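Undergrad: Chains A and B supply the protein sequences, listed in that same order. Heads up, this note's numbering is the position in the first sequence plus 32, with the first residue counted as 1. Heads up, this note's numbering is the position in the second sequence plus 359, with the first residue counted as 1.
Take the hints with a grain of salt, since some may be wrong.
Lysine to any residue pairs mimicking SDA-like chemistry, simulated, CA-CA at most 25 angstroms apart [claimed, not checked]:
#1 A:K34 - B:H366
#2 A:K86 - B:V436
#3 B:K446 - B:I401
#4 B:K583 - A:W159
#5 A:K86 - B:Y481
#6 A:K294 - B:I401
#7 A:K34 - B:R544
#8 B:K583 - A:M117
#9 A:K58 - B:G463
#10 A:K86 - B:K583
#11 A:K58 - B:V436
#12 A:K294 - B:Y481
#13 A:K58 - B:V403
#14 A:K86 - B:I401
#15 A:K86 - B:Q535
#16 A:K86 - B:E543
#17 A:K294 - B:G382
#18 A:K34 - A:D96
#19 A:K86 - B:H366
#20 B:K583 - B:P569
#21 B:K583 - A:Q43
#22 B:K446 - A:K34
If you are wondering where the hints come from, they were derived from the structure by calculation, not from laboratory data. Remember, predicted model here, so these are calculated numbers, not experimental data.
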Amino acid sequence: MKQGQFEQLYQPLWHVMELEIIELEKPDGRLKGNELANFASRYRRLCHFHALAKDRNYSSHLVDKLGDLVVRGHQQLYRRKQPFMQQLTRFIVAGFPRLVRAQQRYIWWATALLYVPGLLMFLAILWQPDLVYTITAPEQVSSFESMYDPDNRTLGSARESDTNVQMFGFYIRNNISVAFRTFASGILFGVGSIFFLIYNGLLMGAVAGHLTNAEFTQTFFSFVVGHCSFELTAIVIAGAAGLKLGYALLAPGNLTRTESLKRASFIAIQLVYGVIIMLVIAAFIEAFWSSNNILMPWQKYLVGGFLWVLVIGYLVFSGRDLRTDAVDKKPTEKSEAAQG
Amino acid sequence: MLLDTRHSIETPEGALLPLTPAGFGVRALAQLLDIMIRYSIILVVATLLTLLGGMGTGIALILMFVCEWFYPVYFEVARQGRTPGKKWMGIRVVNDDGTPITFGPSLLRNLLRFVDFLPMLYLTGIIASLCNRQFKRLGDLAAGSMVIYEAPPAREPSFEVRGQLPVPADFSTDEQRALLGFAERSKYLSAERQSELATILLPVIGSKDPVIAIKQMANTMVGKH
């Protein structure tokens, strides 16, 4: 068949297809009834036309035009739309804690990388106070001091509420960015995540040690105890997700490194979703609860302890007794097998 | 063809999706545009919000955070893989199986942007993208995504020559395509270059004016008169 005939005969068909695709590509475009029902079979015919045109060596302008329609049709036919809220609840209740448990060996490593240097630094500074300057600049040290100096606190009055919102914004931006960097730099064979975990651990230990020496323990620990459960755990999980990326590149097993990285990323990014949620909660507590001076320190310690139990209990137990979903479980198993 | 960067993906329908990966040049320009848009938004809104005191500053900081990390994610997911800068440059992001990019991969590739940027100006990303055929930076490798060119709208061919001439029967399909390609691209070539190229075929075609002869053969192939 000559190209001219072919075009004349079938052009109406792919013209209809083109209009439908253009409609679907609009932000809220949708097809109705018959059009929708026939979309898939029309798309298959389009693929057929494209293959024929290519096989018969028709002009490349026609082949390219059909090829373009095939690409765009493919995009529309295979796009995924799922109910968002349902997925989110499912993820929070079961998906995330299960994932954390499945990846626990990275979690343990990340925990060690954050807390061991932190603890050592803390003890070192108790023993040798000047060591604080090895990790932080003197100006930073004095700003920490003034922040937690009990004399600077106007007792019995809470901070202005709009300052709280300001600090909430600050914590969101700062902490989540730190977590994102800790995660992302893990792709450099894990080195970046290890660096950020150790560095944050050291910083944390240094500040805690220094303020203990300065005897500001009451203001400091009663401030951090509220949100640290969520915040530190989230940083640990972000680091663990980064370590997973790095490990997938270092030890890909029977896969190519690219494939191994791709599979590890699929899991790691889900851990990051959970990290975001946890850090938003942490920022909320930090801005609106931890800063509240009306509360007695013992109330804060009590609630802080409760939140630690809550976070750990959630990660250890949540979603255990729900029926295991084949779809949920599969990717984790596959990757574990790949690592082993 | 061997020389072009085209990358074909086979779909369940057995069709081959022709995708043309976009290199770092055009992507850098797109990114530059996006940065300008992003920071103009932040500048305007932050200036207005900070006038409202602490509350406004807090909201402005959240907005900056969202703009820094989620601006590309939003547009890639909601606008068929095109951020405004990418749309402007005629490129978009897809999963490397040709399907539209979804939230997870998009978030991943944009978080890893931080690493691709290191040590400066996307050096890591550029090196990574030069090491594979689909120009994937690290973020794309991890997320299984790639940036492709939008196909420009195809136009009706016109070879500026009337009449038909039969194509020699012993021309292989590739050779026929080459003739067609010559005719379609001839409007971008000077007359001298056209005849220079066409003269190569003189012994095979044996016509007085090979340029016109080839275009007439092309007419035959596309069924025009």
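Undergrad: Next step is simple, just say for each hint if it's right about the structure.
TA: Checked hints:
1. Straight-line distance between C-alpha atoms of K34 of chain A and H366 of chain B comes to about 28 angstroms, which puts the hinted pair past the 25 angstroms bound.
2. With a C-alpha separation of about 32 angstroms, the suggested pairing of K86 of chain A with V436 of chain B is violated against the 25 angstroms cut-off.
3. At roughly 21 angstroms between alpha-carbon atoms, K446 of chain B and I401 of chain B fall within 25 angstroms of each other, so this suggested pair holds.
4. Among the hinted pairs, K583 of chain B with W159 of chain A is inconsistent with the structure: their alpha-carbon atoms are about 91 angstroms apart, more than 25 angstroms.
5. A distance of roughly 39 angstroms separates the Cα atoms of K86 of chain A and Y481 of chain B; the hinted pair therefore is violated under the 25 angstroms criterion.
6. Restraint check: the Cα-Cα separation between K294 of chain A and I401 of chain B comes to about 33 angstroms, which exceeds 25 angstroms; the hinted pair is violated.
7. For the hint linking K34 of chain A to R544 of chain B, the alpha-carbon distance of about 22 angstroms falls within 25 angstroms, and the restraint holds.
8. Annotation: proposed proximity of K583 of chain B to M117 of chain A is violated, straight-line Cα distance about 56 angstroms (limit 25 angstroms).
9. Annotation: proposed proximity of K58 of chain A to G463 of chain B holds, straight-line Cα distance about 22 angstroms (limit 25 angstroms).
10. The suggested pairing of K86 of chain A with K583 of chain B holds, with an alpha-carbon distance near 18 angstroms, which does not exceed 25 angstroms.
11. At most 25 angstroms may separate the alpha-carbon atoms for a hinted pair to count; K58 of chain A and V436 of chain B meet this at roughly 13 angstroms.
12. For the hint linking K294 of chain A to Y481 of chain B, the alpha-carbon distance of about 21 angstroms falls within 25 angstroms, and the restraint holds.
13. At roughly 29 angstroms between alpha-carbon atoms, K58 of chain A and V403 of chain B are farther apart than 25 angstroms, so this suggested pair is violated.
14. The suggested pairing of K86 of chain A with I401 of chain B is violated, with an alpha-carbon distance near 49 angstroms, which exceeds 25 angstroms.
15. Between K86 of chain A and Q535 of chain B the alpha-carbon distance is near 12 angstroms, which keeps this suggested pair within the 25 angstroms criterion.
16. For a cut-off of 25 angstroms, the pair hint linking K86 of chain A to E543 of chain B stands: about 16 angstroms separates their Cα positions.
17. Among the hinted pairs, K294 of chain A with G382 of chain B is consistent with the structure: their alpha-carbon atoms are about 21 angstroms apart, no more than 25 angstroms.
18. As the CA atoms of K34 of chain A and D96 of chain A are separated by approximately 17 angstroms, the hinted pair is consistent with the 25 angstroms bound.
19. Proposed proximity of K86 of chain A and H366 of chain B is supported: the alpha carbons are some 16 angstroms apart, at most 25 angstroms.
20. In summary, the hint linking K583 of chain B to P569 of chain B is supported, as the alpha carbons are separated by about 19 angstroms, within the 25 angstroms threshold.
21. Proximity of K583 of chain B to Q43 of chain A is assessed by CA-CA distance (about 16 angstroms); at most 25 angstroms being required, the pair is judged to hold.
22. Restraint check: the Cα-Cα separation between K446 of chain B and K34 of chain A comes to about 37 angstroms, which exceeds 25 angstroms; the hinted pair is violated.
Hint check: violations occur at hints 1, 2, 4, 5, 6, 8, 13, 14, 22; the rest are consistent with the structure.
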